[in-house]
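Assemble the whole structure, with the sequences as input and the hints as a guide.
Here's the letter readout for the chains.
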Amino acid sequence: MVNETHPFLFLHSSTNLKTTVKLGFCSDFFLFFIFCKLKGLEELGIHFVLLISRQGKVRLTKWYSPYSQKERTKVIRELSGVILTRGPKLCNFVEWRGHKVVYKRYASLYFCMCIDQDDNELEILEIIHHFVEILDRYFGSVCELDLIFNFHKAYYILDEILIAGELQESSKKTVARLIAAQDSLVETAKEQASSLSNMIAHATK
Amino acid sequence: MGSQGGWGQSKEFLDLVKSIGEARSKAEEDRIVLNEIEMLKRRINEPDIPKKKMKEYIIRLVYVEMLGHDASFGYIHAVKMTHDDSLLLKRTGYLAVTLFLNEDHDLIILIVNTIQKDLKSDNYLVVCAALTAVCKLINEETIPAVLPQVVELLGHQKEAVRKKAIMALHRFYQRSPSSVTHLISNFRKRLCDNDPGVMGATLCPLFDLISADVDSYKDLVTSFVSILKQVAERRLPKSYDYHQMPAPFIQIRLLKILALLGSGDKQASEHMYTVLGDIFRKCDSSSNIGNAVLYECICCVSSIHPSPKLLDSAAEVTSRFLKSDNHNLKYLGIDALRRLMKVNPDIAEEHQLAVIDCLEDPDDTLKRKTFELLFKMTKSTNVEVIVDRMIDYMISINDNHYKTEIASRCVELAEQFAPSNHWFIQTMNKVFEHAGDLVNVKVAHNLMRLIAEGFGDDDEGTDNQLRSSAVESYLRILSEPKLPSMFLQVICWVLGEYGTADGKFSASYITGKLCDVAEAHPSDDIVKAYAVTAIMKICAFEIAAGRKVELLPECQSLIDELSASHSTDLQQRAYELQAVLGLDGHAVESIMPADASCEDIEVDKSLSFLNSYVQQSLEKGAQPYIPENERSGILNISNFRNQDQHESSAHGLRFEAYELPKPSITLRTPAPAPAVSSTELVPISEPTYPKETNQAAKLSTVTDTGATELKLRLEGVQKKWGKPTYSTPVPSTSSSNLKTTNGVNQLGQATLSSHSRDVSYDSKRPQAEISPEKQKLAASLFGGSSSKPDKKPQSTSHKTSRLGNPASEKPQVATASAATTELAPQKTAPVQTPPPDLLDLGEPTVGDTIPSIDPFKQLEGLLGPPDVSSSTNSGTVSVTQPPDLMALYGDSSLSGVSSSISNLVPTNLDSMNLVSSSSSAADHGGSKVALSASLKKGPNPQDSLEKDSLARQLGVTPSIQNPNLFRDLLG
Numbered sequence: 001m002v003n004e005t006h007p008f009l010f011l012h013s014s015t016n017l018k019t020t021v022k023l024g025f026c027s028d029f030f031l032f033f034i035f036c037k038l039k040g041l042e043e044l045g046i047h048f049v050l051l052i053s054r055q056g057k058v059r060l061t062k063w064y065s066p067y068s069q070k071e072r073t074k075v076i077r078e079l080s081g082v083i084l085t086r087g088p089k090l091c092n093f094v095e096w097r098g099h100k101v102v103y104k105r106y107a108s109l110y111f112c113m114c115i116d117q118d119d120n121e122l123e124i125l126e127i128i129h130h131f132v133e134i135l136d137r138y139f140g141s142v143c144e145l146d147l148i149f150n151f152h153k154a155y156y157i158l159d160e161i162l163i164a165g166e167l168q169e170s171s172k173k174t175v176a177r178l179i180a181a182q183d184s185l186v187e188t189a190k191e192q193a194s195s196l197s198n199m200i201a202h203a204t205k
Numbered sequence: 001m002g003s004q005g006g007w008g009q010s011k012e013f014l015d016l017v018k019s020i021g022e023a024r025s026k027a028e029e030d031r032i033v034l035n036e037i038e039m040l041k042r043r044i045n046e047p048d049i050p051k052k053k054m055k056e057y058i059i060r061l062v063y064v065e066m067l068g069h070d071a072s073f074g075y076i077h078a079v080k081m082t083h084d085d086s087l088l089l090k091r092t093g094y095l096a097v098t099l100f101l102n103e104d105h106d107l108i109i110l111i112v113n114t115i116q117k118d119l120k121s122d123n124y125l126v127v128c129a130a131l132t133a134v135c136k137l138i139n140e141e142t143i144p145a146v147l148p149q150v151v152e153l154l155g156h157q158k159e160a161v162r163k164k165a166i167m168a169l170h171r172f173y174q175r176s177p178s179s180v181t182h183l184i185s186n187f188r189k190r191l192c193d194n195d196p197g198v199m200g201a202t203l204c205p206l207f208d209l210i211s212a213d214v215d216s217y218k219d220l221v222t223s224f225v226s227i228l229k230q231v232a233e234r235r236l237p238k239s240y241d242y243h244q245m246p247a248p249f250i251q252i253r254l255l256k257i258l259a260l261l262g263s264g265d266k267q268a269s270e271h272m273y274t275v276l277g278d279i280f281r282k283c284d285s286s287s288n289i290g291n292a293v294l295y296e297c298i299c300c301v302s303s304i305h306p307s308p309k310l311l312d313s314a315a316e317v318t319s320r321f322l323k324s325d326n327h328n329l330k331y332l333g334i335d336a337l338r339r340l341m342k343v344n345p346d347i348a349e350e351h352q353l354a355v356i357d358c359l360e361d362p363d364d365t366l367k368r369k370t371f372e373l374l375f376k377m378t379k380s381t382n383v384e385v386i387v388d389r390m391i392d393y394m395i396s397i398n399d400n401h402y403k404t405e406i407a408s409r410c411v412e413l414a415e416q417f418a419p420s421n422h423w424f425i426q427t428m429n430k431v432f433e434h435a436g437d438l439v440n441v442k443v444a445h446n447l448m449r450l451i452a453e454g455f456g457d458d459d460e461g462t463d464n465q466l467r468s469s470a471v472e473s474y475l476r477i478l479s480e481p482k483l484p485s486m487f488l489q490v491i492c493w494v495l496g497e498y499g500t501a502d503g504k505f506s507a508s509y510i511t512g513k514l515c516d517v518a519e520a521h522p523s524d525d526i527v528k529a530y531a532v533t534a535i536m537k538i539c540a541f542e543i544a545a546g547r548k549v550e551l552l553p554e555c556q557s558l559i560d561e562l563s564a565s566h567s568t569d570l571q572q573r574a575y576e577l578q579a580v581l582g583l584d585g586h587a588v589e590s591i592m593p594a595d596a597s598c599e600d601i602e603v604d605k606s607l608s609f610l611n612s613y614v615q616q617s618l619e620k621g622a623q624p625y626i627p628e629n630e631r632s633g634i635l636n637i638s639n640f641r642n643q644d645q646h647e648s649s650a651h652g653l654r655f656e657a658y659e660l661p662k663p664s665i666t667l668r669t670p671a672p673a674p675a676v677s678s679t680e681l682v683p684i685s686e687p688t689y690p691k692e693t694n695q696a697a698k699l700s701t702v703t704d705t706g707a708t709e710l711k712l713r714l715e716g717v718q719k720k721w722g723k724p725t726y727s728t729p730v731p732s733t734s735s736s737n738l739k740t741t742n743g744v745n746q747l748g749q750a751t752l753s754s755h756s757r758d759v760s761y762d763s764k765r766p767q768a769e770i771s772p773e774k775q776k777l778a779a780s781l782f783g784g785s786s787s788k789p790d791k792k793p794q795s796t797s798h799k800t801s802r803l804g805n806p807a808s809e810k811p812q813v814a815t816a817s818a819a820t821t822e823l824a825p826q827k828t829a830p831v832q833t834p835p836p837d838l839l840d841l842g843e844p845t846v847g848d849t850i851p852s853i854d855p856f857k858q859l860e861g862l863l864g865p866p867d868v869s870s871s872t873n874s875g876t877v878s879v880t881q882p883p884d885l886m887a888l889y890g891d892s893s894l895s896g897v898s899s900s901i902s903n904l905v906p907t908n909l910d911s912m913n914l915v916s917s918s919s920s921a922a923d924h925g926g927s928k929v930a931l932s933a934s935l936k937k938g939p940n941p942q943d944s945l946e947k948d949s950l951a952r953q954l955g956v957t958p959s960i961q962n963p964n965l966f967r968d969l970l971g
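Protein chains in written order, with UniProt numbering: chain A, 1 to 205; chain B, 1 to 971.
Mixed in with the good hints there might be a few duds.
Ranges between beta-carbon positions, derived for each pair [as the list claims (entries may be wrong)]:
id, chain 1, residue 1, chain 2, residue 2, range
1, A, Lys74, B, Pro627, 52 to 62 Å
2, B, Pro177, A, Gly98, 22 to 32 Å
3, A, Gly98, B, Tyr509, 28 to 38 Å
4, B, Lys189, A, Pro66, 27 to 37 Å
5, B, Pro345, A, Ser184, 38 to 48 Å
6, B, Lys189, A, Gly98, 35 to 45 Å
7, A, Ser68, B, Arg31, 35 to 45 Å
8, B, Asp524, A, Lys74, 41 to 51 Å
Hints in this document: simulated from the structure, not taken from any laboratory. Ideal Cβ placement from N, Cα and C applies to all residues, glycine included.
Next up, the structure:
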């Protein structure tokens, strides 16, 4: 008897509604899960720093949150699509996948930093400028070409300004002094190195 | 340039960079990089590579990886390099590993030992390098290995080391808060460090700690306030000034912390009032950084216990932001407004026009921020305008992430503030139509439930009206192509339940439509299932009403097709439909009562309605049911399979059919008696579907009693799925609100639905130029939020106009939208810049034909504010005069120039490719750029000349591709 009535329970018009409501709860749970995963990321101030040229060429990348190589490529592609096409007078901020990307154009180079929704965008914009000013002081009227050939130096400088996604030093002088100390310590080694590498370069020409 | 500026790399590397710089496509670039990888793979594994060479290889690996390729083959060499004694090499090694390895990489374990050693080094630079690596590489497991040393370094004599040690501990805290909980006193101590850099760094971990647990840090409020005071009074060394602001980054951090500490704490907040007031007064609002500090101040003021005076200052700054031409400031203004509104809801009102300007701004970022604000200030009085705007915007964008977000916001607002059910359904239709597959499934169920339940009032008439209007709108929408699956499900369900309810549409018309839906989505099983169930309902209602059901041929073929479907669910539904068709009217009415979707089915777990049947069977000699827990020793009471029945009793409801029992067995054993556990020997009996139809037909009388039994139970049962979960109080109250405020009577609106909808659609177009329209919009947005609406003349006038007749707006609106369409192209034209590729190819040709004129670059210079002054300064040099003139007239002649360039490009493209390799052209390009670059550069022309000549010596002439390479980043 039961066996025969139950199939018709299924036919009752409201049953469909309920089963699917249950599905709704499932997806809610799923969302919650994703949220937790994202939450892990949100401890950081700055998630990553990108330098992209106007042609979309990557000049420097620094990832403070974990991103796989595949994700990185995707991020760069997506962001350069968004940022390079933006007009000159618009905001320097872009909302992107629940985060915000602050960017600023210097000559032909875009400096981008990704932050969370609640951070102070204007501050990040000034951190970018702070970085550029330090680069400028170090290279002496820095231009894109300096960064192309000396990207590792740009990394060293960035490491002195930002650490684990936070601004660690806001004094230009202090940063400059540290970098200079590192450079002077290796100066002697470098002189030998450059003569050596010149020789190698000549040999391999 | 000096000693640092030289490019101390080998020719090979420079060539690599150069060739990548000149690559014309991503494919070409990839090819070059892959070659490089192959070469590096070979070389790097050769024995006895000189260290300098190895260092270069590592840097090349970094470069390759930066370009998005995999350099994992070389990671181990980078790890090895960290072991080297020379700082130069070690630094390179650390740099490479921090860039290569994520915190969970296997190789990290090989570095920990080196890091431990380096943390003990006498050379503070080595320690610094190690600490930088610690921040990136040390994961939860390896924290204990370095923690003691890092803590020790907090007392290092060099401030740089102390600072990095703090940051490392901060990182440890983020990775695993428990690892550093015993060290919190150290953070407090470092707050008093002599070096402002260390103190500033300490604020990072403190911020995290305080946001996790505010109460244990209340004692620090006075310290933070006094630090902030000192900072604001320029007590810190001059080197921390940034653009004439005293240590702004530290100020911002302190403000963030104070916001946390003062939130909901009057006493703590009162300590802060003076210093916050000082900052508001002193802050330089002409620089970006000053505004950043001001913005942070507003955030702080809106978070702490409110002080009227500070709120006034905050409001003043906010209005300055909103009035600014700078989009960044407008953006911050909108955000500040959102924050201040939490404290004082009236504040938005005086900025209504600015908000609407932002809403209509072409800048997407600003628009989205404004929607966020509107979302927060939605009330039942302005919900229609806001949601309509949101939907319009939602339709216009492609970004799925944001589309989902804004769709769910629309749904949330609509559910919360819907002025009428009709409006709710219309809104939902729009959301579903355009973002159906992105919204949460729950939304669909809410919509179905709302249609089924109606207002929940006694007024059955309104509900029916609502339903028939929903049916009508769905039938109309069905003709549109490409509806999202979720929406189709809703449509099918509603058509099944109410398609024929008001008698307007015939059953065959509705079933025909449903068949079309199923046919149009052959791959979507869920939609098909909804469709076939809906058909079944329609048929059942027809049968119950005593009408004869003639299945349409396409419907019959659909059933045949589904009976043979691979999906058992679809199969079952098809068979059930056939079964229902064979039943008589009385039985069908009991199993498929019309409009009973809201009624709850009570599951009688004890199956008491079977008692008489069981009794009968027992009398006939059947064995009694023994509950499972008492059953251990007894086997084989029944041949029935039981597993499923256990399950069903556990779940309460079973949604799939039981297989049919063999009639003979049914007679012998009590049906509800599931027996024996899994040791049963008898194979599971297979149901045969043809049989089921027979059975079903025969069963009509039996089910009849069962179903009525069930139905009896429905009364007085608390609705589990009913109203309470759905927002209850809103509909009735807000609808009355609507009546009073908008003055449109409810009935009229319902009948004129489509008409008034069109009107409000039109009025949504951007009308930046026409202020009355904007004012109207403002009134509709903000009027409701105002506590004293009569104060604003425009808002009342708007109301009267609405009172009269919604259609009267129409002509006005039409002209407005015409005006905007006319103006729009003019407005956008000057902003447009030609696509970068075109530009970059075009430039050298221009340079060749018209020597020393590079209008584009000058134009670019114009766009970037820092360049303007320098290019005008260099006006004394004769060579730059033409470009300057061009620049001056650039604005007006831009379109002309761009078109001429694009004309030039196709013809010169080939020749350019040929020429680019020849040295003369390269030199020409180089010198040209050098000239312009040096001229542009007020302060340091020597540098760029030197750089350029160096570049040319090295044979690097990226200027062909991108002359901007030589431009100062800071103009």
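Enumerate the violated hints, using their earlier numbering and listing them in ascending order.
3, 5, 7, 8
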